[in-house]
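There are 6 protein chains.
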Amino acid sequence: MTRKRILVVNPNSNEAVTQGLRDALECFHNPLGPEVVCRTLAEGPFGVETQEHVESVALPLRRLVEGDNDSAAFIIACYSDPGLHVCREGTSRPVFGIAECGVLTALARADTFGVIAIKSRSIPRHYRYMRQMGLTDRLVSERALEMSVAETASGEGTLARMIEIGGLLKVDGARAIVMGCAGMARHRKPLEDALGVPVIDPTQAAVAMAIGAVATG
Amino acid sequence: MTRKRILVVNPNSNEAVTQGLRDALECFHNPLGPEVVCRTLAEGPFGVETQEHVESVALPLRRLVEGDNDSAAFIIACYSDPGLHVCREGTSRPVFGIAECGVLTALARADTFGVIAIKSRSIPRHYRYMRQMGLTDRLVSERALEMSVAETASGEGTLARMIEIGGLLKVDGARAIVMGCAGMARHRKPLEDALGVPVIDPTQAAVAMAIGAVATG
Amino acid sequence: MTRKRILVVNPNSNEAVTQGLRDALECFHNPLGPEVVCRTLAEGPFGVETQEHVESVALPLRRLVEGDNDSAAFIIACYSDPGLHVCREGTSRPVFGIAECGVLTALARADTFGVIAIKSRSIPRHYRYMRQMGLTDRLVSERALEMSVAETASGEGTLARMIEIGGLLKVDGARAIVMGCAGMARHRKPLEDALGVPVIDPTQAAVAMAIGAVATG
Amino acid sequence: MTRKRILVVNPNSNEAVTQGLRDALECFHNPLGPEVVCRTLAEGPFGVETQEHVESVALPLRRLVEGDNDSAAFIIACYSDPGLHVCREGTSRPVFGIAECGVLTALARADTFGVIAIKSRSIPRHYRYMRQMGLTDRLVSERALEMSVAETASGEGTLARMIEIGGLLKVDGARAIVMGCAGMARHRKPLEDALGVPVIDPTQAAVAMAIGAVATG
Amino acid sequence: MTRKRILVVNPNSNEAVTQGLRDALECFHNPLGPEVVCRTLAEGPFGVETQEHVESVALPLRRLVEGDNDSAAFIIACYSDPGLHVCREGTSRPVFGIAECGVLTALARADTFGVIAIKSRSIPRHYRYMRQMGLTDRLVSERALEMSVAETASGEGTLARMIEIGGLLKVDGARAIVMGCAGMARHRKPLEDALGVPVIDPTQAAVAMAIGAVATG
Amino acid sequence: MTRKRILVVNPNSNEAVTQGLRDALECFHNPLGPEVVCRTLAEGPFGVETQEHVESVALPLRRLVEGDNDSAAFIIACYSDPGLHVCREGTSRPVFGIAECGVLTALARADTFGVIAIKSRSIPRHYRYMRQMGLTDRLVSERALEMSVAETASGEGTLARMIEIGGLLKVDGARAIVMGCAGMARHRKPLEDALGVPVIDPTQAAVAMAIGAVATG
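Residue numbers (my numbering), protein chains in the order written: chain A, 2 to 218; chain B, 2 to 218; chain C, 2 to 218; chain D, 2 to 218; chain E, 2 to 218; chain F, 2 to 218.
Just so you know, these hints were derived from the structure itself, not from any lab.
Only a predicted model underlies this, so the values are computations on that prediction, with no experimental measurement involved.
Any given hint could be a false lead.
Which copy is meant is left open, because identical chains are indistinguishable; a pair holds if it fits in one copy or across any two.
[Stated by the list, open to error] Okay, derived cross-link-like pairs now, DMTMM-like style, lysine to aspartate or glutamate, Cα gap no bigger than 20 Å in a straight line:
hint	residue 1	residue 2
1	Lys120	Glu165
2	Lys171	Glu90
3	Lys190	Glu27
4	Lys5	Glu50
5	Lys120	Glu90
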């Protein structure tokens, strides 16, 4: 029997981000379980930072999903869940958005949660989406690092800044933290150790849910 | 390196139910991944049907969790999530409740969901818990089979009745179904096939989340 | 001084629908006020019925808005408000969605409202959007005509069917009705007369709001 | 054909406030459109500042509405919407409250909004009314100028104070501002220019909605 | 030491209703406790059935409260809580509305509740008030007897009709019932016996709360 | 006729706390009314501070209620309402929780309320319970004294600290204060005098509701 495949799509065209996803999902590597494959959306912008970026990848994601007969489940690995509903419309196989999965997984770990965003300009979009999901009752607040994605990915100071912002979220009342970006995974464990509350990487959260869907499906 | 263990506790003392959990979780069996172990709570009542039953297992579950140094994560396998918060208070390891995980996983699959209960007298307790979780916005309704647990486990008619009730939930507007009991798993796939919408077994949902927590932890 | 222009964009490519909008907005014709211009989105599908249709017009609408230096306000005349947020991102001029304006205008007329949809398959999308807008508290229900758009536009039986569905919404508790489609305007007045409660055409509602924004801007 | 009339009633007896309304609504003057007439409620208190003031004008407003056969729509121009429901009970013609219309119009312009009140003692009344309207989900906060109505109307410092308070509302997360008083209209444009987000004068918002109702009615 | 007085005001001018209140509150008669005095508002309409009736008693109630130096607490004995906030503004002594107290007391007895109204035309007003109070989460539904107040007060059939409607509310999911009128008290006990769930008379509920406020004040 | 008895159970085994309840309820002493009897739960922990403490008293409370044929109503005098639902399951007589009654009574006195907790670690548990009760809409915030129960009971500084925290809650917007502990009653009146808003002792609130249930039952 062939292994089932979970396809993780990075909707931006930055291959380094895709490689980061592979690293973050290495922990799920298991030759006897489903295969987790990460892939870059060629049509994507270099980063998904604006509403225009979000919209621009919806239909390319749909076409990717429709054209893929080999994957048992799909994960859209961008914290704005671009194209989630249009992809679901195009297949009966499960399609997961990492923002939704990240938040839902935080809710399985603690009473309340906060979100760390990269930039504050994403926060209104995220709140709008939180309302759409009907998941605001246990959301304490979302706060931004105010760093560029480049800084976040590379910099020494990123973890320190995440600890600072995570600490403010704890003061706000958060008892779990969602990392509001697909590219923060390598900081998950040290951030969790520093804060003393569960820290959720949304792509890892989505993969776990996809493993569940694939195993039982 | 030794495999990490996910302990699934059946809070009732009915060993047949525990065996049913083992069968339902066979799909997660993977010698290279975490070990999923199902165990019966000796102190539990034969079934958890009343609020008194729920309360009676909270502290035994806490003691079980505190006395277990070998498991990396715990799952309380009863759709009332008895003792969830008191167990979390007693350990820094993840503790999952299957009701919470079942609902959260349904929310990752569709806009709206409905719940199939065994008996209608559980529904007020479930609604109270839904309010506590702050997860009512996308709940369409909960409807009961009005069968005994024994009938549910054994009977030929159970699947037919589940299809009937699931159909009513679809008319109510549900686009995913949560099976509101730990012992319905073997009907999941045929029910899903009959209804044409995702059907979530809550214990399977919790195990997937636990696999995620253990893999990344 | 030249007249200010309010541009009403029909995101589908059915010119007959655009002409219907012109007819519906004739009541706002006023040579001393802003000019209301209706135009068809050439890139649109023949009808906007699916999530894919919705997504497909978002970026064409954005480009239309960005390329238009002559209009003082924009109205997206489709009851799914496709591209609303991406268009707002691209201009500081007001952009209105007819679904949002229709609902908000109903809320200015009565305590509760119901929505008449064309097809029931749109209802989950509409409810998801209602949640995103945070406007569900006074929504009683949405019910579908279950007619094709063609039938709705042409048929003799449309008004009778709308009266029937509107009557059910009144029984549900609605005290105002929103017509959940851009193409029902000619039935507004007879439907209102038959039902005895305010009936809101969403495009007309949006034009009134745009007149306010343009007049005071 | 005679022009339809929209009657804007100032429920306080301060004729200067009524004249301010006329000035604020001059932008809607259009001899080919409906006539917007502003009038003072003779029985009103000099200002509507307390709950007692609010209650005192409800029945006089009802009698005014019932005794007026010439107006096609009514606007109650006080940010507490006194008598709104009792006036609606007395006529089948549309009756608009400016608080409701101001908030609804802000919701048509941005994801979130904040309110500028004159005095903090009005804020509990306004929040109570926001709850009644079911429109709190996108309300960020309400903050008070803590000026007297007289100061607000006359003073040089009013705009500066409004910019200061509006800036705090933006920090709170508001992306549109509602001016929570009928007498702030002349500051609308400079406040909007200073803050860079839509600023809504509630009376202007109500007039636009009334124009819509009258045009299509 | 003189006894403290709790003044129960019937805002309609029907002395028979006031006498009914006295009968309903006889159970609180206690010469060593606070005195419960029922009184008719002379200025009230014969019945409070419309929004106009509600508004018409607000200021007379305020004057009554302000002119009364002898009562330690006030109860407005009409299920629309007319004038509640304006009376509170006029005194630092506690003022209770029976609708609010009835609902709050039901919430102290069961997870969910339903309301029996006299006429369906009151239901929108009641729902609006429920939203204002922020107490809708555990409200199941409100249903009307569709009898006249006169029929309700006198008739043989009233109890039977209340049992029928209460039964429907139980089917809806209500586990406590609020009698949505000041004049139903004599049916409370037989209705409770017939339905097998707590039935709350709102005036009795308010008096109990007033006894608490007076005793501890 | 024998007097009806209201049994107030202190679920911790600290007899001094029970005596404090007796003192706090002295104001309800009335030989012609129901008898209010306070009693210590022998099986309780010395204080109820953790979730484990909460769970540990649920079944002992149930047994106490089931074994008591003499009381007409029960009050669980701990601000976590331990065992409330399991006790209700075991009797048809009313069972009140002081947290629920305290909050509901605050809602009968003012638009908004805040809660004073002893320790901040209880606050997440309280918020979770507020969500379960569906009573968060008018909750402004909860703030902790951060004192030990012993300090609270004895110390001179307690009232000063309560005034400080109550003042912060007023700044947050609270217009009534609930004392979030069974042992603060003797500070109720001076705190109310200092803050100028109603202050609710939850046990007194529950006794008043029980008097109502017993009188009318």
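Tested hints:
Taking CA atoms no more than 20 Å apart as the test, Lys120 paired with Glu165 passes inside one copy only; the shortest distance there is 15 Å, against 24 Å between copies. Proximity of Lys171 to Glu90 under the C-alpha cut-off of 20 Å is restricted to the inter-copy arrangement: shortest distance 17 Å between copies versus 38 Å within a copy. Within a single copy, Lys190 and Glu27 get their C-alpha atoms as close as 14 Å, which meets the 20 Å cut-off; across copies the closest is 30 Å, which misses it. In the homo-oligomer, the alpha carbons of Lys5 and Glu50 never lie at most 20 Å apart, since the shortest distance is 32 Å inside one protomer and 33 Å across protomers.
In the homo-oligomer, the alpha carbons of Lys120 and Glu90 lie at most 20 Å apart only across protomers (16 Å), although the nearest pairing inside one protomer, at 31 Å, exceeds that limit.
When each numbered hint is compared with the structure, a violation occurs for hint 4 only.
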